[in-house]
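With chain A's structure known, arrange chain B on it following the hints.
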Amino acid sequence: MLRYRYYMISRKWIAHIILWTLIVMWTYTGVGKLVAYQSFRGAILNQPFPNAIGAYVSIIVPLVEVLLAILLINLKTRVLGFMGSIALMSAFTTYVGLVWVEAFERVPCGCAGILEYVGWEAHFYINLSLLLLAMIGLLIANEK
Amino acid sequence: MNTLKNRVPLLVFILTAFAAFAFNMPHDSPFQSEFGSPDGSEWYDVTSAQLGQDYLCVEDEEAQHCTYDQPSSTMSNPIGDIERRFVLLNEDLEPIEL
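Sequences listed follow chains A and B, in order. Under full-length UniProt numbering, the residues of the first sequence are numbered 1 to 144, in order. Under full-length UniProt numbering, the residues of the second sequence are numbered 1 to 98, in order.
Watch out, some of these pointers could steer you wrong.
What the hints assert, rightly or not - A few chain A residues facing chain B, derived, Cβ under 7 Å:
no.	residue
1	R11
2	T21
3	I23
4	T27
5	Y28
6	G32
7	V35
8	G42
9	L45
10	L67
11	A69
12	V101
Claimed, not checked - With a straight-line Cα cutoff of 25 Å, these simulated SDA-like cross-link-like pairs (lysine to any residue) come out:
no.	chain 1	residue 1	chain 2	residue 2
13	A	K76	A	M8
14	A	K12	A	A141
15	A	K12	B	I82
16	B	K5	A	R11
17	A	K12	B	L4
18	B	K5	A	A103
19	A	K12	B	V8
20	A	K76	B	V12
21	B	K5	A	S10
22	B	K5	A	M135
23	A	K12	A	A103
24	A	K76	A	H16
25	B	K5	A	E121
26	B	K5	A	I53
27	B	K5	A	W100
28	A	K76	A	T94
29	A	K76	A	Y28
30	B	K5	A	V79
31	A	K12	B	K5
32	A	K76	B	K5
33	B	K5	A	M25
34	A	K76	B	V8
35	B	K5	A	Y4
36	A	K76	A	R11
37	B	K5	A	W20
38	A	K12	A	E143
No wet-lab data here; the hints were simulated from the structure. Where a beta carbon is used, it is the ideal one built from N, C-alpha and C, also for glycine.
Bound-form chain A, shown alone (with noise of 0.2 Å):
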């Protein structure tokens, strides 16, 4: 019985922390890129994908961070909020892998943000991480 309670009780925990590590990068990534927006257009129309795409992919992506980030705030779209955030990290973990194993014709540099630190390979990972975080979120969320 005192086991099953430290178990309700870590999982609860396990969920709390989750959820705000999904809404600090959500909300910093997304207001961030709001505010450098030339910064991080100029970063995005660097990528290996045409500019047309880039023009678009540079105004979405930070509109759907923050977006996430406020359907995970809400206690009735959380499951949503989840869900989307699986469904953009696995787009940003395959495009980042995808670099780091130069696909593409060339490898652009990150010219801005955490790329410049931390590299395509250790991003996949954190990437990865996050991802995996955001599906056992979903879990968690699910059973309550």
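Same frame as chain A, now just chain B:
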């Protein structure tokens, strides 16, 4: 107590948004010039140019920088990280006369 507990995610969001504003305000000096060269001999003023449209900075194995604050790789300060190569995209950009 439960109401306060339910407000914690919102508080986290607000604090993080403030931090994002504080740490991401554009701080580039409007007076800093920026120059790049694909081959070290012809230099282009990219101060007003758009990264990704007029030029690219590509990862490279050589110990060089993409852009510098003067049209020289030896007599200037590099801008950005090392192991980057300048690639000109916009052919309409005129090389500067040294």
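Can the restraint linking A:K76 and A:M8 be considered satisfied, given a maximum Cα separation of 25 Å? holds (21 Å)
Hint check: 7 Å Cβ-Cβ cutoff, A:R11 to chain B: Violated, because the Cβ-Cβ distance from A:R11 to chain B comes to roughly 16 Å (cut-off 7 Å).
Between B:K5 and A:I53, is the straight-line Cα distance small enough, at 25 Å or below? Violated, at roughly 41 Å.
Taking the least C-beta to C-beta distance, is A:G32 closer than 7 Å to chain B? holds (4 Å)
Return the status of the interface hint for A:V101: holds when the least beta-carbon distance to chain B is below 7 Å, violated otherwise. With a closest approach of 14 Å, the A:V101 hint is violated.
When you check the alpha-carbon spacing of A:K12 and A:E143, does it fall within 25 Å? The given pair, whose Cα atoms are some 11 Å apart, holds under the 25 Å limit.
Against chain B, run the beta carbon of A:L67 and see if the smallest gap drops under 7 Å. violated (12 Å)
Checking one constraint from the list: CA of A:K12 to CA of A:A103, max 25 Å. Satisfied? Answer violated: A:K12 to A:A103 is near 41 Å, above 25 Å.
Are the Cα atoms of B:K5 and A:M135 separated by 25 Å or less? holds (23 Å)
Take a quick look at whether B:K5 and A:V79 sit within 25 Å of each other, Cα to Cα. holds (18 Å)
Hint check: A:K12 vs B:L4, CA-CA at most 25 Å. Holds or violated? With Cα atoms ~16 Å apart, A:K12 and B:L4 stay inside 25 Å; holds.
Tell me if the straight-line CA distance from A:K76 to B:V8 falls inside 25 Å. Holds: A:K76 and B:V8 sit about 15 Å apart, inside 25 Å.
Checked against the numbered hints listed earlier, the structure breaks hints 1, 2, 10, 12, 15, 18, 23, 25, 26, 27, 28; every other hint is satisfied.
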